Structures are given as structure tokens and as C-alpha cells.
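Enquirer: Please arrange chain B on chain A, whose structure you already have, making use of the hints.
Here are the chains, one letter per residue:
There are 2 protein chains.
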Amino acid sequence: MNTSSGVPAVKALVFDVFGTVVDWRISLIDDFTAWSKTRGIQGDWTGLVDAWRGAYVPSMDEVRKHPERGYLALDTLHRQSLEKLVTQFAISGLTEDDLSYMTLGWHRLHPWSDSVSGLTRLKTKFTIGTLSNGNVALLNNMAKHAGLPWDLILSAELFEHYKPDREVYLGAARLLGLQPEQVMMVAAHNNDLKAAQDLGLKTGFVARPTEYGPLQKRDFKADGDWDVVATDFNDLAARLGC
Amino acid sequence: MNTSSGVPAVKALVFDVFGTVVDWRISLIDDFTAWSKTRGIQGDWTGLVDAWRGAYVPSMDEVRKHPERGYLALDTLHRQSLEKLVTQFAISGLTEDDLSYMTLGWHRLHPWSDSVSGLTRLKTKFTIGTLSNGNVALLNNMAKHAGLPWDLILSAELFEHYKPDREVYLGAARLLGLQPEQVMMVAAHNNDLKAAQDLGLKTGFVARPTEYGPLQKRDFKADGDWDVVATDFNDLAARLGC
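Chains as they are written, first to last, in my numbering: chain A, 1 to 242; chain B, 1 to 242.
Among the hints, erroneous ones may be present.
[Claimed, not checked] DSBU-like cross-link-like pairs, simulated, lysine-lysine; straight-line CA separation at most 35 Å:
| no. | chain 1 | residue 1 | chain 2 | residue 2 |
| --- | --- | --- | --- | --- |
| 1 | B | Lys144 | A | Lys37 |
| 2 | B | Lys65 | A | Lys123 |
| 3 | A | Lys11 | B | Lys125 |
| 4 | B | Lys37 | A | Lys123 |
| 5 | A | Lys11 | B | Lys123 |
| 6 | B | Lys221 | A | Lys11 |
| 7 | A | Lys144 | B | Lys221 |
| 8 | A | Lys11 | B | Lys37 |
| 9 | A | Lys144 | B | Lys11 |
| 10 | A | Lys144 | B | Lys144 |
| 11 | A | Lys144 | B | Lys37 |
| 12 | A | Lys37 | A | Lys194 |
| 13 | A | Lys84 | A | Lys11 |
| 14 | A | Lys125 | B | Lys37 |
| 15 | B | Lys65 | B | Lys125 |
What the hints contain is simulated information worked out from the structure, not anything from laboratory work.
Being a predicted model, the structure only gives us computed values, none of them experimental.
The following block holds chain A by itself, in its conformation from the complex (with noise of 0.2 Å):
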């Protein structure tokens, strides 16, 4: 698509969230390493936060290979996830309710300093949602604590799936009672826009080359034919005419 000639068909841009808007990393070092203190654990946050987003995908899969157990919310993932890697860390003296509130970290996430601003312009013009494989209860925690301005939530756990499979992209266009091509996935892993655009969406890229911190290794730049590629929400707005 010729970005030029502006992008006339979407109606709704559907965002993926942890890396895309929110910084996920420094959100929750920052979170656990001040709240430890107060608790007077010790820990290698940083080291726990990486490894618990490096158990991400493959607990998704588990959901994924073994659909005869049910489907798993990520917040479900997330506890199971920091059960394990509590214990690997070698961090003790948690009880219920620091497990509790580490794994509702997830809902306190802060957003990149453009999303905020970035969402507002794009509200003018597009519906603007949501579409993470968070669970909607931790996705509208989120939006109200960090002020996310969605006009809906909409989240893999209304599929009972997770991106990227089809289910998803194409349940969410069925919910904006739209066409996959007047939908557009803005996202800043090159994967799911892949995923987005074979079944037939309007892809947006958003580089966020700190995500992963020192552990990133790619997603630093738009590896696909995306429909449009911005340097933040707020080039993203002014690219749409916004």
C-alpha cells in the first residue's frame, strides 16, 4: 500500500500490546525491585522478568498442543510460569498474596512515552482496540491504570486461542463486523503482522528496539511488506492523517 494515497478502507486499527504499548521489561523490574524492598525479599529481578517473558511462547503452546485440558488465560500462564521460576531463582519467604502480586504486575504495566498520545489521534479517525494475547480482565486493568484510551477490548481469550492463530484476527474482524483488509494489526513484531496479513489484514509496524533490553534480537526493523511503517504512535497517527 501506497502510504501517500492514505489508507481509505480501515475502519479499525487492533493493537498488540506487551512491547507494542507497553513496556513490559522496565515496568516490571522497576515494579518488583521497589515492592521488594518494601517485602524485604531478594531477587535477580531482571533475571526473573526475562525468563518469565521467555516462558511466554512455549506456555502458549502448551495451550495450544493439549486443547483437551481447556483453554488457559494468560493470566492462568503467567502464575503457573512464576511458580517455576520462583523456585529456580531461588526466591523465598513469597507468600499468596506476593504471588498474587507479582503475577497482577502484568495489569500494572506503564506504556511507551507516544502511546497515550499516539491512541488519542487515532481515536479521532479509527476504532481502536485491543488485540493481545493478554486476558481482557488484565488488558482493561491495564487501559485504566496507565490511561489507554480503547474504544474495546478485544483479546485472544475471546477465541479461546492465541496468536498467531487464525482465530483470533479473524474473530476480531468478526466482532468489528468489518473485513479482514478494513482492519489494520499494529504491531512491533514483525510475526504477527505475518500472521495478520496472510489472512488478508492491513499491517502496521512500530519498531520498539528496547523491548528485550540487551536480550533483544530482532524486531528491530520492519522485515516484512507492511502497510505502513512508523517510528512511533504518534508518526503512526500523522501517517493515517491522523
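Expert: Chain B alone, transformed into the frame defined by chain A:
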């Protein structure tokens, strides 16, 4: 519940929409009256709108009685009912575009005068969402059109049921990550609140005595032991400490 003690447990308010938040009757009558003049089409628009709403509950009952046919979203039911009614009301000259325009009239409804200001106040303290038999696209389009500041769109469509089926109320609490008693159903209809209360949700009644115009036969006042009874959404906000 003694409202003077506040409602500390409630985290989210979910709202019936047709009649409670928006004035479907006058909105549609005015819309079709103005539009039909530009199209040169004659019709008893008041009669048609009242009959259309009259077909609402029976059309959902058909979905409930025939699960083997699959779930039909409200946009589809509205269209099916409309096709019968234009014949019954002898309205001729309607094109496919006209039928689509009329069906989407339900996406263009106007809020009661207190709805936006009251919701804006309530949003500062609570999660506010729809919990309507309208499908997600309808509710999202209406929100964009009318400026309704929802945190999220919850719809009977997500559960493939229609209110007052229990799956809708309990499904909303589940997606919000809340216990039923942490969710308040707000409606202008006593039967909606009765179903919610029976499942453990809190209840808020707001009278909309002109919803059905001269055809209004019930819901002039609270007929149950609801947790909060308010005259409008600003009164509801005040009673809930916003």
C-alpha cells in the same frame, strides 16, 4: 444494600444499553422520518419502529429455542424482522442499501441527555462497560457515534446467548476477572436486574419512563430490592460516590 454505606465491593458497572443508555425509539423515528424525505419514501415510521422493537424479544426467543441453527447476532435479527415489517407496513421502493441503512439505524441511536456526563463521572471510579444484547459492532459503532466513554464493550454475542440467560451475566463477571458481587448491572428494566441479582450481581435501576412512548406499560419505577435506585446517570454517579 444501604447506599449510605457506599458500595465498596463493586469494581465494575455493566449497562443495559437500549432504553437505559440510549433512546432507541425517538432516535429511530427521527432518523427515518428525515431520511425517508430525502429518499422520497412514505411510511408510518412510528408504527414501524414500535413494531420492530416488539419483534425484539420474540426474535431472541427463536435463537434460544433453536440452538441447532447457530447463534444469530442482533444485527441479523433486526434485519430479518425489518424485512417482514416493511411488507406488513406496505413500505415500497426500498433498495438493499435502504434496508441496510435502516438496520444500521440501531448503530446510530442517541443517548439520553444525562448518559455521557454520568458515564464520564462513573468511569473515574469504576470500570464501565456495556452488557447488552446488541452485538459488539453495533455497540462499538454506537459508542463512536454517540460519544459513550466505555472502558470496554461486553455483549451477549461474546457468549452466544441473549439476556436474561445466565451465561451473559456470569460471562461478563468472568471476563472482568471479578466475582459476581463485584459487578453491578445497571438497567432501566426490572427483569434484567432480577436475572442479574439472582446470579449474585449487584443491581442499579435508572427509570426511563418515556422509553416506549405512549406504549410504555412497565418499568416506570423500581419493582425489586435493587442495590441502588437513581433518577438518572448523574444521580447514579452521586449515589456511588463519584
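Enquirer: Between the alpha carbons of lysine 37 (chain A) and lysine 194 (chain A), is the straight-line distance 35 Å or under?
Expert: violated (42 Å)
Enquirer: Does lysine 123 (chain A) lie within 35 Å of lysine 65 (chain B) when you go C-alpha to C-alpha?
Expert: violated (40 Å)
Enquirer: Given the proposed pairing of lysine 144 (chain B) with lysine 37 (chain A), does the C-alpha separation stay at or below 35 Å?
Expert: With a Cα-Cα distance of about 45 Å, the restraint between lysine 144 (chain B) and lysine 37 (chain A) is violated, given a limit of 35 Å.
Enquirer: Does lysine 37 (chain B) lie within 35 Å of lysine 144 (chain A) when you go C-alpha to C-alpha?
Expert: Roughly 45 Å between the alpha carbons, so the hint for lysine 144 (chain A) and lysine 37 (chain B) is violated.
Enquirer: Taking 35 Å as the top limit, are the C-alpha atoms of lysine 144 (chain A) and lysine 144 (chain B) close enough?
Expert: holds (19 Å)
Enquirer: Is lysine 37 (chain B) close enough to lysine 123 (chain A), meaning Cα to Cα at most 35 Å?
Expert: holds (33 Å)
Enquirer: Does lysine 125 (chain B) lie within 35 Å of lysine 11 (chain A) when you go C-alpha to C-alpha?
Expert: holds (30 Å)
Enquirer: Holds or violated: lysine 144 (chain A) with lysine 221 (chain B), Cα cutoff 35 Å?
Expert: holds (33 Å)
Enquirer: Keeping to a limit of 35 Å between CA atoms, is the pair of lysine 65 (chain B) and lysine 125 (chain B) held or broken?
Expert: violated (40 Å)
Enquirer: Does lysine 11 (chain A) pair with lysine 123 (chain B) here, judged by a C-alpha cut-off of 35 Å?
Expert: holds (26 Å)
Enquirer: Holds or violated: are the alpha carbons of lysine 144 (chain A) and lysine 11 (chain B) at most 35 Å from each other?
Expert: Holds, because 12 Å separates the two Cα atoms, which is no more than 35 Å.
Enquirer: CA of lysine 221 (chain B) to CA of lysine 11 (chain A), is that 35 Å or under?
Expert: Roughly 40 Å separates the two Cα atoms, so the pair is violated.
The structure does not agree with the numbered hints 1, 2, 6, 11, 12, 13, 15 stated previously, though it agrees with the rest.
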